[in-house]
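Going line by line, the protein sequences match chains A and B.
So the first sequence is numbered by my numbering: it starts at 1 and just counts up by one.
So the second sequence is numbered by my numbering: it starts at 1 and just counts up by one.
Please note that a few of the clues may not be correct.
To be verified - So, partial list: chain B residues that the calculated Cβ filter (under 7 Å) puts toward chain A: (1) L6; (2) V11; (3) L23; (4) E25; (5) G28; (6) V55; (7) W90; (8) S216; (9) A233; (10) P261; (11) I313.
Hints in this document: simulated from the structure, not taken from any laboratory.
Quick reminder that beta carbons are idealized off the backbone N, C-alpha and C, glycines included.
Protein chains: 2
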Amino acid sequence: MGIPELLVQLVLVLAVAKLGSELAERLGQPPVLGELIGGMLAGAGWFHWLRPHDVTLHALAEIGAILLLFEVGLESDLGALLRVGPAALWVAVAGVVLPFGLGYGVAALFGLPKLAALFVGAALTATSVGITARVFGDLGVLSRRESRIVLGAAVADDVIGLIILAVISGLAGKGSLSLGEIAGVIGVAFAFLVGSILIGQRCAAPMLHAARRMRSRGTLCSAAIAFCFALSALAALAGLAPIVGAFAAGLVLARTEHRVPIEPLVKPLADLFIPVFFVMMGAATDLSVLSPATPDGRAALGLGAALAVVAVIGKVIGGLTCPGRGIDRWVVGIAMIPRGEVGLIFAGLGRQQGILTPSLYAAVLAVVLVSTLVTPPALKRRLQALSDADEPASEDTRGLVESAR
Amino acid sequence: MGIPELLVQLVLVLAVAKLGSELAERLGQPPVLGELIGGMLAGAGWFHWLRPHDVTLHALAEIGAILLLFEVGLESDLGALLRVGPAALWVAVAGVVLPFGLGYGVAALFGLPKLAALFVGAALTATSVGITARVFGDLGVLSRRESRIVLGAAVADDVIGLIILAVISGLAGKGSLSLGEIAGVIGVAFAFLVGSILIGQRCAAPMLHAARRMRSRGTLCSAAIAFCFALSALAALAGLAPIVGAFAAGLVLARTEHRVPIEPLVKPLADLFIPVFFVMMGAATDLSVLSPATPDGRAALGLGAALAVVAVIGKVIGGLTCPGRGIDRWVVGIAMIPRGEVGLIFAGLGRQQGILTPSLYAAVLAVVLVSTLVTPPALKRRLQALSDADEPASEDTRGLVESAR
């Protein structure tokens with residue numbers, strides 16, 4: 001039957017996720033770190049003799065990634081980016097172009113094939129909205145102008161990153177693309193995002209309105225999830241990653257009046273599936289490929305270290321060039337450093353398609369880990385230095401922590 | 001990859017479930033009927049060319065069955081049965097023994113093998129708590145003494161039915177069982193239920209207490225689901241169906257102070273997974289095996305009709321023998337008729353283990369459908385006849401509808 005084995009696996013995955021995230025949280029680190037490292041340790045341990053149901057567990061992990069991007073979309077406010085305006089967009093574009101270019105360059109220097117180098121560069125583009133918002137919230141500075149710029153930029157670089165991913169997926173499918181074909185993929189991705197938001201907005205509101213008037217239980221939750229899955233499948237049909245559709249679905253629903261009742265319904269689903277995704281991500285990482293004892297391991301370790309440096313530098317420079325007055329550009333630069341969910345998803349796609357070798361995958365994962373470990377202490381230090389000159393963080397900014405989570 | 005196909009299937013399953021249940025609801029029928037019939041029609045239609053991801057979809061359906069019994073357990077009140085006391089227990093025992101015996105007899109008369117006849121009898125034992133509570137609620141009579149007896153009896157016959165299932169599963173595994181072995185299986189099942197409730201109660205409260213004090217998000221939901229999955233897997237290890245463990249987990253958590261915060265977290269999960277289970281149940285039914293055009297079809301149709309008659313008669317006689325004064329025994333008997341979730345799960349297990357042929361499975365499903373279709377109008381008629389002599393249903397009983405769902 002296999003169902004009991006699947007249940008045992010799910011219990012173990014949930015236990016690893018919760019213990020890991022709780023430990024990370026108590027150490028002042030983002031919970032996702034704990035889930036990844038827990039998954040790595042678990043993967044090195046008992047995951048080897050517990051794999052009969054891999055297909056289902058992987059499908060559940062994929063649903064986790066889809067629900068994650070759906071939630072990010074639901075919590076994103078397209079309007080907010082437009083309000084902080086050109087500064088956020090500048091930081092986003094600079095923070096995508098620099099890490100992408102530098103990452104590609106480093107990977108090419110290490111002799112990687114072009115496609116793999118492009119995947120590595122793409123995995124470094126997207127700042128983690130969740131981790132950034134969390135760090136700002138913990139420090140009680142969500143209402144600072146820098147915070148709003150960074151959050152706006154983090155949403156924008158998700159969108160740009162997803163478009164880059166679409167182009168690279170197209171490249172991976174066809175082997176090589178002409179400039180015209182690249183423009184075509186960008187066009188399809190852009191058309192999908194804009195089209196699904198415009199058309200989705202027209203369809204979603206009446207559909208959800210009808211769902212809420214239905215008498216049978218659970219229709220609103222089912223309608224929202226079905227909408228997310230449908231756009232994910234449509235994105236796949238359009239040659240994009242399913243997560244692009246999930247993100248678009250979240251953005252669309254965020255702009256309807258139904259966002260408030262939907263969020264608490266999606267939360268338990270996300271709480272259950274997203275940790276499965278991160279633990280499986282960690283479990284898929286073979287840390288021994290980064291061992292300094294072998295020549296291959298040393299090379300992978302060197303690549304990881306070089307990538308970590310350019311990942312940090314790229315985002316910090318992007319932040320330092322931020323236009324506008326009365327802004328501490330170092331705060332913006334440091335806050336843009338953490339990579340997370342979206343970068344991991346890119347790396348996972350590259351591994352699935354056989355473009356990233358296990359050691360490359362491990363190197364990218366190491367970069368994500370380093371970028372998230374480095375940010376909280378650095379940001380705390382910079383903000384404390386500022387607040388010695390500034391007024392202390394007022395009480396009411398603390399209240400914003402909750403609303404940003 | 002297969003993920004887009006899985007997403008499309010899930011969207012279609014959810015759409016079928018919601019349209020079916022809404023239609024059923026508007027026609028004054030239980031929503032589960034709509035999901036089953038929708039699944040049947042879908043299974044006859046596009047499910048044939050949409051099956052690459054069957055493994056995962058079936059695993060999701062199994063998780064649906066587990067969450068369903070978990071929810072039934074969560075909503076069951078062991079204390080309530082003890083309060084209505086011996087009358088409910090009598091109705092439960094009579095309502096299990098008669099349909100089981102009559103169903104077994106009819107199946108044996110139709111020349112079925114012993115094991116298949118036992119499975120058919122067992123599938124007729126459990127009254128659907130959900131459907132019964134719903135019908136009473138819709139009629140505004142949840143506070144009547146008959147209603148409390150019936151709900152108590154429905155919970156008790158779930159437990160008895162699950163023990164019968166454990167015995168039959170043991171039989172199916174070993175081919176034949178001596179009386180001592182049957183006693184052993186009953187002992188294990190009973191020991192598991194009592195033991196998991198006693199030990200679970202000691203472990204669950206501190207575990208959930210710790211989960212609620214954790215700082216990372218979603219720990220309470222994950223802990224509750226992990227507890228449910230762990231007991232389900234344990235039940236499977238003890239030779240029982242996983243759903244027995246899920247039911248025990250629900251009963252245990254229902255008796256802790258954490259039930260109130262857990263219920264809204266389990267609901268969205270249940271809303272998403274349970275319809276998958278019922279639609280897949282319906283889709284697995286090949287209605288053509290009940291065609292009167294073939295000799296086999298006529299035999300299956302005859303068996304289904306005979307089983308439907310004894311399924312109704314068995315429960316009504318059980319109700320008519322209910323002890324106590326001032327009770328309308330016809331109301332008790334009629335209200336015990338609807339079979340649902342648990343009967344379908346039994347039939348599904350029998351089909352999976354190859355004990356029930358497709359036509360037998362279809363016959364059992366037809367009995368479940370008939371029993372649920374018959375009850376609402378019959379109960380309404382009897383209660384209206386009573387209320388012409390009685391006082392009209394008061395306003396405050398309407399309020400109980402919500403709490404019983």
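Hint check:
1. L6: holds, 6 Å
2. V11: This interface hint holds because 5 Å falls under the 7 Å limit.
3. L23: violated, 9 Å
4. E25: Hint holds; E25/B Cβ to chain A Cβ min 5 Å, cut 7 Å.
5. G28: Not OK, violated: G28/B not within 7 Å of chain A, min 11 Å.
6. V55: holds, 6 Å
7. W90: W90/B check fails; min Cβ-Cβ to chain A is 32 Å, beyond 7 Å.
8. S216: S216/B check passes; min Cβ-Cβ to chain A is 4 Å, inside 7 Å.
9. A233: holds, 4 Å
10. P261: Violated: closest Cβ of chain A sits about 11 Å from P261/B, beyond 7 Å.
11. I313: violated, 31 Å
When each numbered hint is compared with the structure, violations occur for hints 3, 5, 7, 10 and 11.
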